[in-house]
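First to last, the sequence lines map onto chains P and B.
So in the working numbering the end of the first sequence lands on 518, straight run, no missing numbers.
So in the working numbering the end of the second sequence lands on 306, straight run, no missing numbers.
Read the hints as simulated data drawn from the structure, not as lab findings.
Glycine included, every Cβ here is placed at the ideal spot set by N, Cα and C.
Accuracy of the hints is not assured; some may be wrong.
These stretches of chain P come out as covered by chain B in the derived footprint (C-beta under 8 Å, 3 or more residues) [stated by the list, open to error]:
| id | segment |
| --- | --- |
| 1 | 180 to 188 |
| 2 | 195 to 202 |
| 3 | 226 to 238 |
| 4 | 283 to 296 |
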Amino acid sequence: MRNAVMAVLVCVLGLGSLSAGAAPAVTPQRGGTLIVGQGTDATTLDGHLYTDAPTATIMEHMVETLFELTPEGKVQPRLATGVQVAPDGRTFTIRLRPGVRFHDGTALDAEAVKFNLDRILDPATRAPWRFLISRVQRVEVVDSMTVRLTTDAPFAPLLAHLTHSGTGIQSPAAIRRLGADYARQPVGTGPFRFREWVRGDRVVVVRNDDYWGERALLDEVQFRVIPDDGARLAALEAGSLHVAVRVPPREIDRLRGSRDIRVSVDTSLRTIYAAFNVSRPPFNDRRVRLALNYAVNKEAIVRSALAGTARVSDAPIAPNVQGYSKIMTYPWDLERAEALLREAGYSRERPLRAVFHHPTGRYIRDAEIAASIQGLARRAGIELELRTLEFGAYLALTARPREQNDIQMYMLGWGTVTGDADYGLYALFHTSQFPPVGFNRGFYSNPRVDALLDRGRTTVDQAERTRIYAEAMRLIMEDAAWVFLHSESQVTGLRTTVQGVVVHPSERIIASAAWLRR
Amino acid sequence: MWRYIATRLLLAVPVVFGVAFVVFAMVRVIPGDPAQVIAGEAATREFVEAVRRELGLDRPLLVQFAAFTANLLRGDLGRSVRSRAPVTHELWARIPNTVTLALAGLAVAVSVGIAAGVVSAMRPYSVIDTLVMLAALLGLSMPVFWSGLMMILVFAVWLGWLPAVGTGTPLHLVLPAVTLGLATAAIIARMTRSSMLEVLRADYVRTARAKGLAERVVVNRHAFRNALIPVITVVGLQMGTLLSGAVLTESVFAWPGIGRLLVEGVLARDYPVVQGAVLVVAFAFAVVNLVVDVLYAVVDPRIRYE
Numbered sequence: 001m002r003n004a005v006m007a008v009l010v011c012v013l014g015l016g017s018l019s020a021g022a023a024p025a026v027t028p029q030r031g032g033t034l035i036v037g038q039g040t041d042a043t044t045l046d047g048h049l050y051t052d053a054p055t056a057t058i059m060e061h062m063v064e065t066l067f068e069l070t071p072e073g074k075v076q077p078r079l080a081t082g083v084q085v086a087p088d089g090r091t092f093t094i095r096l097r098p099g100v101r102f103h104d105g106t107a108l109d110a111e112a113v114k115f116n117l118d119r120i121l122d123p124a125t126r127a128p129w130r131f132l133i134s135r136v137q138r139v140e141v142v143d144s145m146t147v148r149l150t151t152d153a154p155f156a157p158l159l160a161h162l163t164h165s166g167t168g169i170q171s172p173a174a175i176r177r178l179g180a181d182y183a184r185q186p187v188g189t190g191p192f193r194f195r196e197w198v199r200g201d202r203v204v205v206v207r208n209d210d211y212w213g214e215r216a217l218l219d220e221v222q223f224r225v226i227p228d229d230g231a232r233l234a235a236l237e238a239g240s241l242h243v244a245v246r247v248p249p250r251e252i253d254r255l256r257g258s259r260d261i262r263v264s265v266d267t268s269l270r271t272i273y274a275a276f277n278v279s280r281p282p283f284n285d286r287r288v289r290l291a292l293n294y295a296v297n298k299e300a301i302v303r304s305a306l307a308g309t310a311r312v313s314d315a316p317i318a319p320n321v322q323g324y325s326k327i328m329t330y331p332w333d334l335e336r337a338e339a340l341l342r343e344a345g346y347s348r349e350r351p352l353r354a355v356f357h358h359p360t361g362r363y364i365r366d367a368e369i370a371a372s373i374q375g376l377a378r379r380a381g382i383e384l385e386l387r388t389l390e391f392g393a394y395l396a397l398t399a400r401p402r403e404q405n406d407i408q409m410y411m412l413g414w415g416t417v418t419g420d421a422d423y424g425l426y427a428l429f430h431t432s433q434f435p436p437v438g439f440n441r442g443f444y445s446n447p448r449v450d451a452l453l454d455r456g457r458t459t460v461d462q463a464e465r466t467r468i469y470a471e472a473m474r475l476i477m478e479d480a481a482w483v484f485l486h487s488e489s490q491v492t493g494l495r496t497t498v499q500g501v502v503v504h505p506s507e508r509i510i511a512s513a514a515w516l517r518r
Numbered sequence: 001m002w003r004y005i006a007t008r009l010l011l012a013v014p015v016v017f018g019v020a021f022v023v024f025a026m027v028r029v030i031p032g033d034p035a036q037v038i039a040g041e042a043a044t045r046e047f048v049e050a051v052r053r054e055l056g057l058d059r060p061l062l063v064q065f066a067a068f069t070a071n072l073l074r075g076d077l078g079r080s081v082r083s084r085a086p087v088t089h090e091l092w093a094r095i096p097n098t099v100t101l102a103l104a105g106l107a108v109a110v111s112v113g114i115a116a117g118v119v120s121a122m123r124p125y126s127v128i129d130t131l132v133m134l135a136a137l138l139g140l141s142m143p144v145f146w147s148g149l150m151m152i153l154v155f156a157v158w159l160g161w162l163p164a165v166g167t168g169t170p171l172h173l174v175l176p177a178v179t180l181g182l183a184t185a186a187i188i189a190r191m192t193r194s195s196m197l198e199v200l201r202a203d204y205v206r207t208a209r210a211k212g213l214a215e216r217v218v219v220n221r222h223a224f225r226n227a228l229i230p231v232i233t234v235v236g237l238q239m240g241t242l243l244s245g246a247v248l249t250e251s252v253f254a255w256p257g258i259g260r261l262l263v264e265g266v267l268a269r270d271y272p273v274v275q276g277a278v279l280v281v282a283f284a285f286a287v288v289n290l291v292v293d294v295l296y297a298v299v300d301p302r303i304r305y306e
């Protein structure tokens, strides 16, 4: 939404200065083909089977979810019109939007929704996002436009999880008819319908004229695959693309010099952090962890390595996540860092030494950031030895069970794509989530945090949940479980003719309301 | 001749299988848990295990290879881990693109390379020779990801004559084919030059000149034809490289070919796709070598295989 407002503002100001006298043509124009350049091809077009953001961007236009997450982080009905949560917190009665048709002409009804949810829940489907709704025990059809979901325990994040694009509602008729071939011609209810998928080159979607909501303005959207960053930018500059994702931060200034291109910096739900293995020396000592938090100048990292396109973390989750509160940041304070290290028994003569693992190329400028942390730590008398690994090997190394896990400190990112604090905190900090089960790869364990996270997911009242999560995050940050670094931004390049494109914090480009100025 | 071709075909079979085994072993030896990579950072343990079972990665290596070979003989290369589509589908979708690009690149390489080589050899150590060989050295030294971007910058961004990336029209083929072809043209030019220089010094050329033939006839009829023999070898080898080594060109120009499929497969640890793509490349090499050997016999009557 903020983007849309920005787009309109840019448009008004731009035209105002260019053509004084003429009425600014801010009325959206119909028609045209929008071309979006992404780094990788779609993996599969079955809305229940993919895991990556570029595919999510494409699916977003064709397949819709029961609820949606607004760019501001609000959960609101989409294919649903409303929900009633029983006082037990376990029964969710969802009313469906009437008059919605799939692209193949079949109607969206309670049976169709049940078919989809059952398909995701069926282990045989191997839906990667099954765990988002795996607490649902039963999906029942109440009447033709009402479904009832029953969970095994009160489960507050359910509606947020149903905004995840991996839980999209697709045509049961098409899935039954096409079987394994369904993934090559998806059928949803979205504002665009599938046209073609040229492997490795492009996916094309065209406007759905029978859309239940506001009809799209564009005739067609093409999602093109251009793996090379430089070539993607060149294609944008040459006009072969209207939108290019993942612009390298160092290119921003140059692009801003072009009259035809606008650079949009948008928030993301992804947080980057350096985690400690708190189960082993030296990082089982809180003073050492605190020292590193004081020693690392996060503002400087954001300013230099990321050209200002990120936000220093003031909580373990990003600001647009439901349940976020501003908690704290550790200021850059070398004296305190050194004092803490002395307390912990280290000195210039006997410095703290540790191995710091980091990936390269997975997150924006990850290797450079690791090097900055090394340099900053050295000034406080901490000797970090950097170790880079290919991402596959890296994940495997960090995921070993505690007994075998001798990793000391490592950098990772986490995208809270459901926009709900439960997904961002439970998997990363709850004691039950140690590897190999979950993602608590620093073996952080605090019974008070566990209790709060358990309460957070079983409490239905949102205000109450926010208070609970604030308390949990305060404990986590006081424990210095990580070096809390920053939340990434998405840097997108757009031709100035493009209006109304939304860069969603969950790393999707949404062109449903976009149009081209001619 | 036909018997020779048949023998060569049979010899290619163990080569392709050897490659299959090496690739099979290699993708399994590199560190890291492929099941985890495929399942994603946030996957649950049960999903990772499901992926492992689906890929058969929980079975002993030899059992996996036996199953792989048996499927291979049936023409079944398995399913892509990412897209869950049959690998053969993925390959067939890409092969025409790669062949088109390789042939276009080869056309550029051969025409530019041979012409430059002959011109150079006709006036050895002249200014023209020096300039052509300098250009060839540049062509050899410039990495494709740089020269390709320069091509895009000049012809797409500044001049706006050609589309920057992607496929669709014949115009889309020009920049990647020229980028790919020029690097190879440099090799061919150098080879042609030295081969021509050698031939021009040979006795039969001197004889031809002594007979009073026009220089044009001497060069075209006598020297050039014989100088081509080693060039054919180089062109053959380069054709194999063009078919496989277009990886960088395909990535820079977003050209959806086998090379890029291979890169995507490696990055995603998509074993079946990596295996399939490498097999296609190995097969292409085997076929190209066969064709080169046959062309040899055609061009050089001294070579007899009976």
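Verification of the supplied hints:
Requiring three or more residues with a Cβ within less than 8 Å of a Cβ of chain B, the coverage given for the segment 180 to 188 of chain P holds, as 3 such residues are present. Coverage of a stretch by a chain is defined here by at least three residues with a beta carbon nearer than 8 Å to that chain's beta carbons; for the segment 195 to 202 of chain P and chain B the count is 5, and the condition holds. With 10 residues bearing a CB less than 8 Å from a CB of chain B, the segment 226 to 238 of chain P meets the requirement of three and the coverage assertion stands. Only when three residues or more bring their CB closer than 8 Å to a CB of chain B does the claim for the segment 283 to 296 of chain P stand; here the count is 0, and the claim is violated.
In the structure shown, a violation is registered for the earlier hint numbered 4 alone.
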